[in-house]
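S.K.: These are the residues of each chain, in order.
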Amino acid sequence: MPPVRIRERGRARKGTMKTLLKRLFKLYPAQLIVSLICLVFNVFGNLSSSVFVSLATNALTQAGKDSFNPFVDVYPISSTFGFTIYSNVSYLLIILGSIYLVGILASWTWNRTMAIVTQKFMNDFRKAMFSHMEDLPIKYFDTHAHGSIMSLYTNDIDTIRQFISQALPSLIQTGLVSIFVFFIMLSTSVWMTLVVVVGFIIMVGVVKGLGGKSSKYFIKQQAALGQVEGSIEESIKGLKVIKVFTHEQKSAEEFDTLNEELRDYATTANIHGNVMMPVMGNIGNFLYILCGLMGAFIYVFGWKNLSFSGYEPIKGDPARFAGMIALFLMMSRMFANNVNQFSQQIIFIVMGMAGASRCLELMDEKAEKDEGYVYLCNIKYNEDGSFEETDEHTRNYAWKYRHKDGTIEYRELKGDIVLDKVDFSYDGKRLVLEDVSIYAHPGQKIAFVGATGAGKTTITNLINRFYDIADGKIRYDGININKIKKADLRRSLGIVLQDTNLFSGTVMENIRYGRLDATDEECIEAAKIANAHDFISRLPEGYDTMLSGDGSNLSQGQRQLLSIARAAVADAPVMILDEATSSIDTRTERLVQKGTDQLMEGRTVFVIAHRLSTVQNSDAIMVLDHGHIIERGTHDDLIKQKGVYYNLYTGAFELE
Amino acid sequence: MLKKIKLILKSVREYKKYALITPLFMIGEAAMECAMPFIMGLFVDEIKLLNNSGDFFHTSDGSIPVFYLALMLLGMAIISLLCGIFGGIYASKASVGMAANLRSDLYKKLTNFSFENIDKFSTSSLVTRMTTDINNVQMAFQMMIRIVIRAPLMLIFSAVMTFVGGGMMGFIFVGLIPIVAFGLLLIIRHAMKLFMSIFKRYDKLNESIQENVSGIRVVKSYVREDFEKEKFAKASDAITTDFVKAEKIVALNNPLMNTAIHVSNILIIGLGSLLIYKSGHFETKIDPATGHIVGDWVGGQLTLGQLSALITYGIQILMSLMMISMIMVMIAMSIESIKRISEVLEEEPTIVNPPVSLNNVVNGDVDFNNVSFKYKKNAERNALNNIDIHIKSGQFIGILGSTGSGKTSVINLISRLYDVSEGEVLVAGHNVKEYDLETLRDNVAVVLQKNFLFSGTIESNLKWGNLNASEEDMWKACRIAQAEEIVKAKPEGLQSKVEQGGANFSGGQKQRLCIARAILKNPKIMILDDSTSAVDTKTDRLIRRGLKNDLPEMTKIVIAQRISSIEDADQIIILDNGHVDAIGTHEELLKNNHIYQEVYYTQNRVGGDK
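Protein chains in written order, with this note's numbering: chain A, -17 to 638; chain B, 58 to 667.
Think of the hints as simulated: they come from the structure by calculation, not from any bench. We treat Cβ as the ideally placed atom computed from N, Cα and C, and that holds for glycine. Be aware that one or more of the hints could be misleading.
To be verified - Taking lysine-lysine pairs in the DSBU-like style, the calculated list, with each CA pair at most 35 Å apart, reads:
#1 A:K(-4) / B:K261
#2 B:K396 / A:K0
#3 B:K433 / A:K219
#4 B:K177 / A:K202
#5 B:K291 / B:K166
#6 B:K286 / A:K4
What the hints assert, rightly or not - Part of the chain A face toward chain B, derived, beta carbon under 8 Å:
#7 P52
#8 I131
#9 E230
What the hints assert, rightly or not - Sample of chain A residues facing chain B (criterion: CB under 7 Å; computed from the structure):
#10 A38
#11 I477
#12 Q480
Starting from the given sequences, assemble the full structure and let the hints guide the process.
M.R.: If you want it as structure tokens, here you go:
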């Protein structure tokens, strides 16, 4: 097997944000635009509060000054940008109320829309990812740690959800508020705004400094967590050994060392995160005081104010000044709060981008290619010996060529498989198989024997094109397997593996996995062939017993029997058994073998087995060593040769 | 539930002081945060009174001058900053420390479990409990000590301040708070219920992904890609429909808060203006310097400065409500985790030391007197039925039987990895339940079917057998177990590295090292549970000979699939379906036991020339 890469959980690659947003926008353009517009209204509504408080204050002061009734009369309440506003408190309230109403509706609309869009997008993304994953070549799964692949679904996708549903709106909202607030601040006083800008720069520095450290320790924390997880897993798996050797105390001490390390990093990472908010919040407070004093200086010392609205405080007009300073200070607070809020989202953005780039990496992996044009079909024989294609499941098959000129040619499937001088390498450098030639004639049983890593499983991986050969040819009934549609090639090969992977569902469903249109009776028949019927009947709910967590409620041997039943129901014309009975004891194996022998009568079979008794009755046994076939022949031939096989058989050598 | 929370809180231990001090800092921060808008209001009021005097340090009416207000604010900001920082630090120490303790406690608990206990939990579920679940508890705990006290305090402070600064205006919030709280509660309750059920299904979905990842060869072999895609899409769609339903409810949260803030603002501005206008009067004068008419509302129940302060308090009140609702969600989420963690903590080890125990195993006699055993109390079928076996010290015993016949169950009872359901197991004439567990297990060495070496070195693994073993002892044990060559072949000898799970050794090598490890214990009884299956027959024979010659006093019990491994045993026990089918020597059994005959002829079929 090629070496497994364990993904480093590092930073996001460039362009991730763009790709993600593009994908999002392409799927839901209308919803996003509506949400954005509503968000603008929402923010606008929220910001109106301060402006209207200031306007109402002005209105009250003017009313007092000129003896108007602020609730009934209409009078000039304020003048900015050279305009004089005629209104009163009642009108202001009505206008504000209307703005609020729109704001609330807008808030409801965008929140709801984004919630739906997020979920639908995540669903779409999840499905696309899964679907693409299913199309990836086996090589991908062999070279990526399964834990890392799973983590895409369990962790990374969730960070994308957080990014879209929380960080993104917050980002836009903060941006909008900042622009609005900045504008209002500038229209009041450029000098005071400068104070805020300086404060903003400091805040950015703090976010960078604290945030940077925080993420550094966060990464260390994750690494320590990984170690702790590994240690827990090792201990649980080896717990029986711990018990048997009364090693409880010692292993707890060892665990505590790792646990302490994790605690250290986690505390530091956590402190950095916790401290961010008070620091940012109080920088806002300092800014507030500074701006207040700055305003007072402008006012008291008659400094020249500079503002977009042309506002100039008049010494001796406290009310006018009060309106300005109150508004400005409120704005500066709002600004600081916003930056603070945004700083809380940064971690989500960073994590979201890192997660997204890992997911996108999977989506960018090249899917398995299939350029085959020879199909597999069921046939039935006519009385004269000729055959024709049929939709029924007949146990007889033919290869169907569809030539370019539209003509169709059939070739009966016989199960003749030839490997002709095959070379293969997983990594393109080291040959795992070299010059391997095998001739399996229809109905023969071919066995592979050899040490782990000798290349037994690799051969079967090549026959069903999990991997493609580097050199040489593999022919199936004389057809180069590259020309056969992959799906059809694999359908013609029944494979039982040592690792018996079952799926959540009933026992019946798991057997039926072999052939989806099999009836209950056919499934039970297959279970009987595999000698699984007995133990299935003893399960609490028989064939309807739910298997969960990869069938962990069954023993390894029972699971192997089920996977044999699954292959039996598939009833493929050629069988590959890769250590299929390794966890079944010799007695049961004999019973199973009786069943499979009957099933495989007249069909080609490839067998890999550790236990030599399993392969004795093969038509040919190939002894593999380091990618070469070093001995071949029947059991009797090989025993006579007194070579490697003989030594293995008599127990003089051990298989390693 | 309360009991479970208490159980988990026991792990706070040395971090208790931090856990207690954190809320104090949070109270300080909250107090400052609430007082500041009030002082800020005064600050603004004073700034605008600077009109005539221009004096930052004195006021005419005895109120606090601008400069001192600024200093006060500065001081409060600093206090708030410090409180915030220390609160953050101590909260981290307390919550992370508590989580570390909890993890350590769980680990210790785990190692004290009997096999029966362990069989209840799957590996992945235990790992999840010790990582994700503890993490959830850590976050909830941190939230508790930081915000559970702070948020309600903020709420109360702010509410009080609205009365202090705004008089009757405070009643606006008295009316508003319960309405908002009720709304939030409704949202949380509805959404949480949905989420809980969705999360469970979401886990199931991930489980099916896991099956696809690890079973991809099966999927592809049977060309089931499209079938799996369809199945997945269906499940994913169904979850999404429910997610949308739940999220729609959650999406009411923001509008609700917006509405509350907006309504309170309108009421404050409207009623506030009315109050100022009705209860106060406007004082005007002509500024002598500029000739402008200036003035302010005075003498009323509310000033203009207070009006804007009220708005700030309003936002603070609603923010703290929001926070409280967030905590409630967090806690609700962590409840599942708490349940799962306490499930492990509450699990009582089923096998514990007897109060008065024997500390010496005198010989290697083993007797099974009419023993029956089942793995679970409510299991229908017994794993073992009426087992009667009598083994004399020093004997070599072989056990043979098919999968599920009960071989491993038998030997598990000897070292008391499980307790019998009926009958008794005696070691050296005493019931195993009378022995101190450590004594018993030190004298009954088991080499398990699933060989397991731990990451470290060969030496560190061998020393599991005997912590004080000398190098000589180790070499001797290796020699008996035929592992000497393996160690010698490694350049670093006994110091050679062992990877996690012993991945850098072959099956046969691991088995031999595991046997050496067991020999180092110098036990009275040694059990080999199919532990030479990957060893060639010649080495297998040498190991047996070594055990026989070098450790003649030791009782040897060997479970094997290969007849050759046990054919020279003093007694061979044939197990079938939980019963003893026959006991005898090789010759006897070969003559009259059909199971033995069947196995023998299977293994020696065709040119078997032994």
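S.K.: A separate judgement is required for each hint: does it hold in the structure or not?
M.R.: Hints, verified against the model:
A C-alpha spacing of about 33 Å is found between K(-4) (chain A) and K261 (chain B), which places the hinted pair at or below 35 Å, so the restraint holds. For a cut-off of 35 Å, the pair hint linking K396 (chain B) to K0 (chain A) is broken: about 42 Å separates their Cα positions. Among the hinted pairs, K433 (chain B) with K219 (chain A) is consistent with the structure: their alpha-carbon atoms are about 21 Å apart, no more than 35 Å. Between the alpha carbons of K177 (chain B) and K202 (chain A) the distance comes to roughly 33 Å, so the proposed pair stays at or under 35 Å and holds.
For the hint linking K291 (chain B) to K166 (chain B), the alpha-carbon distance of about 41 Å lies beyond 35 Å, and the restraint is violated. Straight-line distance between C-alpha atoms of K286 (chain B) and K4 (chain A) comes to about 25 Å, which keeps the hinted pair within the 35 Å bound. The beta carbon of P52 (chain A) comes within 6 Å of a beta carbon in chain B, closer than 8 Å, and the hint placing it at the interface holds. The interface hint given for I131 (chain A) holds, since its Cβ lies 5 Å from the closest Cβ of chain B, which is under the 8 Å cut-off.
Because the closest C-beta pair between E230 (chain A) and chain B is about 4 Å apart, less than 8 Å, the hint holds. Interface hint status for A38 (chain A): upheld, as the beta-carbon distance to the closest one in chain B is roughly 5 Å, under 7 Å. A cut of 7 Å between beta carbons decides the hint on I477 (chain A): the least distance to chain B is about 4 Å, and the hint holds. For Q480 (chain A), the suggested interface contact is broken, since its CB lies about 10 Å from the closest CB of chain B, more than 7 Å.
The structure fails hints 2, 5 and 12 (numbered hints given earlier, in ascending order).
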